Amino acid sequence: MRQIQSKRVALLGLAGAIGLAAGPAFAQGAVSAEYQWLTFTVFAAIICLTMYVTFVAAKRVKSASDFYTAGGGISGLQNGWAIAGDYLSAASFLGIAGLISQYGYDGFMYSVGWLMAYITVLLLIAEPCRNIGKYTLADILAYRNDPRKTRIVGALSVITVSTFYLTAQMVGGGVLVKTLVGIDYEVSVIAVGVLMLGYVLFGGMVATTWVQIIKAILLVTASVVLVMLVWTPYGFSLPAFLTDVVGDSKVQARVAALLGDASTNMTAAELGQRFLEPGLYFKAPIDQISLGLALVFGTAGLPHILMRFFTVPTAQQARKSVVWAMAIIGGFYVLTLFLGFGAARFVGPAEIAAVDAGGNMAAPLLAQHLGGGADSFLGNFMLAFVSAVAFATIVAVVAGLVLAASSALAHDLYVGVFRAGETVTPQEQVKAARVATVIVGAMSIMIGIAAKGQNVAVLVGLAFAVAASANFPCVLLTLYWKRCNTAGIMAGMLIGTLSAVGLTLVSPNLTYPIAATEAAQKVLAGEPAKRAAIALASASSDPAVVAKAGKDAAALDKVIDKARADIEKHAGQRTSFMGLEKPLIALKNPGIISIPLGFLSVLLFSLLFRDRRAEAMWNEVYARQNTGILVSKSSSH
Amino acid sequence: MFVKSDQTVDWDAVIADPRFQALHKKKTAFLWGLMAFSVAYYFLLPIGAAFFQDVFKVQVWGPINVGLLFALSEFAVAWGVAIYYSRRANAEFDRMAAEIADDVARQGG
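Residue numbers (our numbering), protein chains in the order written: chain Y, 1 to 637; chain R, 1 to 109.
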């Protein structure tokens with residue numbers, strides 16, 4: 001009883017600390033100062049709800065199984081929503097709507113791979129993992145191999161993937177919250193970290209699951225409301241809506257700007273239609289195919305997604321949860337089609353890019369517009385609501401990642417390797433899990449602050465590339481190939497991870513000072529011509545043209561300042577972080593090379609170092625994963 | 001210090017059971033076939049967008065073109081594969097697996 005009370009006090013203290021931290025530290029964001037209280041009220045309501053769930057869940061966490069997998073007591077439907085909540089990060093919520101608003105068709109095409117990835121999970125991974133796994137990815141690798149060695153490489157890979165993904169979420173989240181509400185980057189990283197720690201530490205997987213479910217429901221609800229508002233005026237006709245989008249002058253101006261000289265002979269109608277055709281964002285097909293491979297096979301190797309299949313009681317429920325997750329995630333991506341094109345039509349691509357160059361503000365600004373604009377209460381309420389949902393999204397995804405990383409640390413490394421052969425009591429296991437959570441949580445806050453300004457897309461790409469090149473081949477082959485063994489797993493994990501990371505480090509994703517300086521100098525060289533054009537437009541008798549010239553001048557000032565800053569930043573440097581003057585490979589995502597390398601390593605080393613025991617245990621693994629023998633059947637109906 | 005293999009069940013007998021062999025054969029062909037189809041269908045999208053832009057640009061219904069319909073069809077295919085697989089698994093694979101598992105349990109496994 002005393003313990004529960006102290007937990008309640010700790011939770012209240014947490015909420016208070018965040019309120020205080022957020023109080024004085026906000027400046028100007030997309031939400032205007034007079035309406036910021038709205039965002040905080042909506043967000044406080046979400047925190048209270050999730051804290052209450054955590055408080056209830058905390059009483060149920062008694063064993064390691066409760067902490068890591070909610071005791072296997074989550075239903076397929078609940079798990080489907082939780083997977084959607086775990087997967088739909090701020091990057092997909094705000095990022096894909098933003099890409100569509102800026103680049104049209106290519107943005108929508110980008111979303112397809114994220115859904116297709118679940119076919120791999122459904123057909124090959126979810127059910128066998130449920131049947132033979134316990135808490136972590138390494139449990140599956142260790143089943144018929146040397147547990148010590150495979151747990152070490154498995155845990156290291158899980159921690160690597162989670163750290164890349166976590167850093168991306170922290171950095172992206174910090175920037176987004178700053179743009180939306182104006183809270184300082186560091187404050188928002190600390191707030192996300194502390195909140196997430198509160199959920200995971202006290203409520204383990206039960207609380208994390210419910211936080212993810214609540215967030216997914218909020219996200220889907222907000223999107224459905226926005227899409228209704230966008231689509232109703234067109235009588236729910238897709239051609240009518242898109243006709244209006246392609247006929248919009250803001251959209252046509254954006255396409256003309258993207259195409260540059262190539263657009264001179266195109267009519268306005270052709271420019272608008274071009275927004276619905278491929279090629280405005282993706283220039284190199286090989287890059288896109290490489291990214292597609294990393295997505296389709298990487299998702300099945302993401303530790304925080306795999307872990308979700310241990311929370312359901314049976315393979316049938318695991319299957320049901322993937323089908324639900326696919327319905328929710330796919331439905332959500334179809335909605336982003338309307339959010340993205342709607343934002344382009346009603347807010348305007350240039351106006352969105354003016355707030356955030358990546359287009360991430362498309363959905364929030366659309367919400368504000370649909371509610372009645374920047375000066376209306378409803379408009380600001382909707383912006384505040386969407387901003388609060390974005391913040392909740394980051395917290396929920398980070399919670400799932402921290403749980404996956406700390407389970408690798410506590411269950412695989414501490415209990416499985418460091419204390420191997422000893423009896424570790426359930427109390428000790430839960431304690432180890434909580435200590436690991438605090439370590440991983442504190443590290444994630446520090447990394448989040450240290451990584452300020454890092455390229456989020458590169459970090460997410462890396463996480464998927466390592467998951468697809470190391471985790472996926474190892475898990476797939478140990479499940480489906482008799483000869484797979486310890487040597488193969490170790491080689492696959494190490495070579496898959498190193499090749500994915502290594503190829504990214506020599507890819508065009510890093511900053512190359514010589515090329516960056518040249519690009520900046522080119523911008524400066526083009527300045528006089530642009531200034532002259534603006535001066536000409538300012539002298540026009542049409543007030544709309546003059547107003548546009550004013551905006552253009554302000555935008556040009558920004559670009560010139562950035563170019564000057566770039567030149568200054570790279571002065572005296574000739575090489576990238578890796579000591580290279582230019583990238584060694586043209587590939588932006590290493591998947592197309594590193595995934596086959598990962599598979600080849602497992603195959604080759606398994607054949608070179610034959611292990612009779614791993615082969616002798618094949619019948620057991622294969623029979624269990626297909627029949628579910630030895631899985632408790634208590635709640636299968 | 002290896003995980004103790006579970007000797008309470010005769011795994012070789014389970015694998016040798018003709019019913020298990022039937023399940024294994026059916027599942028293997030079905031799963032890998034669906035998997036190959038899904039991956040191939042997915043990669044038609046980036047390949048088409050890169051190399052068959054003229055086809056993707058053909059307008060079918062107002063501003064809606066082949067490319068947009070093809071992208072939307074990816075969603076239909078993903079959901080279709082998911083539903084098709086679960087129906088087959090719910091109706092057939094689960095029953096076959098349960099028969100084997102029940103026998104093992106009955107034999108005091």
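Calculated from the structure, these hints are not laboratory results.
Quantities reported herein were computed from a predicted structural model and do not represent experimental measurements.
Positions of the beta carbon are idealized from the N, C-alpha and C atoms, including for glycine.
Be aware that one or more of the hints could be misleading.
Short, incomplete list of chain Y residues facing chain R, as computed with Cβ under 10 Å [claimed, not checked]: (1) Leu-115; (2) Thr-221; (3) Val-224; (4) Val-225; (5) Ala-327; (6) Ser-376; (7) Arg-574; (8) Met-617; (9) Thr-627; (10) Ile-629.
Computed cross-link-like contacts, BS3-like style, restricted to lysine-lysine with a CA-CA straight-line distance of at most 27 Å [as the list claims (entries may be wrong)]: (11) R:Lys-57 <-> Y:Lys-134; (12) Y:Lys-250 <-> Y:Lys-283; (13) R:Lys-57 <-> Y:Lys-283; (14) R:Lys-25 <-> Y:Lys-320; (15) Y:Lys-320 <-> R:Lys-26; (16) Y:Lys-134 <-> Y:Lys-250; (17) Y:Lys-283 <-> R:Lys-27; (18) R:Lys-57 <-> Y:Lys-482; (19) Y:Lys-482 <-> R:Lys-27; (20) Y:Lys-250 <-> R:Lys-57.
For a quick check of understanding: which of the numbered hints are violated here, in increasing order? 2, 3, 4, 6, 7, 11, 16, 17 and 18
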